[in-house]
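Asks: Following my numbering, the numbering of the sequence shown begins with 1 at its first residue and continues without gaps.
Hints in this document: simulated from the structure, not taken from any laboratory.
Please note that the accuracy of each hint is not assured.
[Said to hold, decoys possible] Computed list of lysine to any residue pairs in SDA-like fashion (alpha-carbon distance at most 25 Å, straight line):
1) 61 - 38
2) 61 - 83
3) 61 - 49
4) 61 - 39
5) 61 - 71
6) 61 - 48
7) 61 - 84
8) 61 - 46
9) 61 - 72
10) 61 - 51
11) 61 - 47
12) 61 - 74
13) 61 - 50
14) 61 - 44
15) 61 - 40
16) 61 - 76
17) 61 - 75
18) 61 - 35
19) 61 - 43
20) 61 - 42
Owing to the predicted nature of the structure, the values given are computational and were not obtained by experimental measurement.
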Amino acid sequence: MPNALPESLVDYLQQRDAQRADAVETFLASLTERECRLIRDASVMGYVRGRMHPQGEEHPKDSAVLAEVVDACLAFPDLYPAINASYEEQRQTIEYFVQGQQPDGTWEQASSTTTDPEFVVQRLSARRRAQPEFAYRIARRTTTVLIEAQQPEAEETDGA
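Work out the full structure, taking the sequences as your base and the hints as a guide.
Replies: Next up, the structure:
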């Protein structure tokens with residue numbers, strides 16, 4: 001074949017395909033179960049809506065695509081359960097703390113946490129006054145807790 005790719009290039013392309021597949025697998029494994037379900041629902045519906053887009057027409061803006069995909073997912077709750085999940089309770093906690101820069105450039109927590117942003121500013125000022133030769137900053141940690149209603153599975157009976 002006159003148009004065949006060199007074997008070294010084919011090997012390289014196969015290696016890159018495997019590396020990309022590993023990167024996808026690693027990323028998906030790092031997600032929580034809920035994050036994975038949300039990405040799956042939105043990705044599948046985005047693909048479906050994209051396949052339905054009329055050929056030759058201009059593609060809508062990202063915000064319009066997002067609204068269209070979420071609307072389509074909400075229209076089919078049985079097919080996209082993560083988007084349609086109902087939560088009994090959602091709590092969000094925002095904590096603040098002071099971090100100190102280490103000699104290697106990393107930042108480590110240097111105070112206890114507080115939910116009061118004004119108090120952490122006072123802590124930061126006190127640290128900087130006490131140790132002006134060190135670098136300090138304020139960090140914020142946001143934690144969201146979802147309490148999801150679970151339906152108990154029906155008990156199986158053996159007819160006895």
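Asks: Are the hints correct? Go through all of them and say.
Replies: Verification of the hints:
1. Proposed proximity of residue 61 and residue 38 is supported: the alpha carbons are some 21 Å apart, at most 25 Å.
2. For the given pair, residue 61 sits about 21 Å from residue 83 by alpha-carbon distance, which is consistent with the 25 Å threshold.
3. Distance check on the hinted pair: residue 61 and residue 49 sit about 14 Å apart at the alpha-carbon level, within 25 Å; holds.
4. Note on residue 61 and residue 39: the hinted pairing holds, with a Cα-Cα distance of about 19 Å set against a maximum of 25 Å.
5. Only pairs whose Cα atoms come within 25 Å are accepted, and residue 61 paired with residue 71 is accepted, the gap being roughly 15 Å.
6. For the hint pairing residue 61 with residue 48, the CA-to-CA distance comes to about 17 Å; that is within 25 Å, so the pair holds.
7. With a C-alpha separation of about 24 Å, the suggested pair residue 61 and residue 84 falls inside the 25 Å cut-off, and the hint holds.
8. At roughly 13 Å between alpha-carbon atoms, residue 61 and residue 46 fall within 25 Å of each other, so this suggested pair holds.
9. Only pairs whose Cα atoms come within 25 Å are accepted, and residue 61 paired with residue 72 is accepted, the gap being roughly 17 Å.
10. Restraint check: the Cα-Cα separation between residue 61 and residue 51 comes to about 16 Å, which is no more than 25 Å; the hinted pair holds.
11. For the hint linking residue 61 to residue 47, the alpha-carbon distance of about 16 Å falls within 25 Å, and the restraint holds.
12. Taking the CA atoms of residue 61 and residue 74, the gap is near 20 Å; set against the 25 Å cutoff, the hint holds.
13. Pair hint residue 61 plus residue 50 holds up; C-alpha atoms about 13 Å apart against a cutoff of 25 Å.
14. Our distance criterion of 25 Å between C-alpha atoms is met by residue 61 and residue 44, whose separation comes to about 19 Å.
15. For the hint linking residue 61 to residue 40, the alpha-carbon distance of about 21 Å falls within 25 Å, and the restraint holds.
16. Between residue 61 and residue 76, the direct Cα distance comes to roughly 23 Å. Compliance with the 25 Å bound is thereby established for this hinted pair.
17. This hinted pair checks out: residue 61 and residue 75 have alpha carbons roughly 21 Å apart, not beyond 25 Å.
18. Proposed proximity of residue 61 and residue 35 is supported: the alpha carbons are some 24 Å apart, at most 25 Å.
19. Annotation: proposed proximity of residue 61 to residue 43 holds, straight-line Cα distance about 17 Å (limit 25 Å).
20. Distance restraint check for residue 61 and residue 42: the Cα-Cα separation of roughly 16 Å lies within the 25 Å cut-off, and the hinted pair is therefore satisfied.
Violation of the numbered hints given earlier is absent; every hint is satisfied by the structure.
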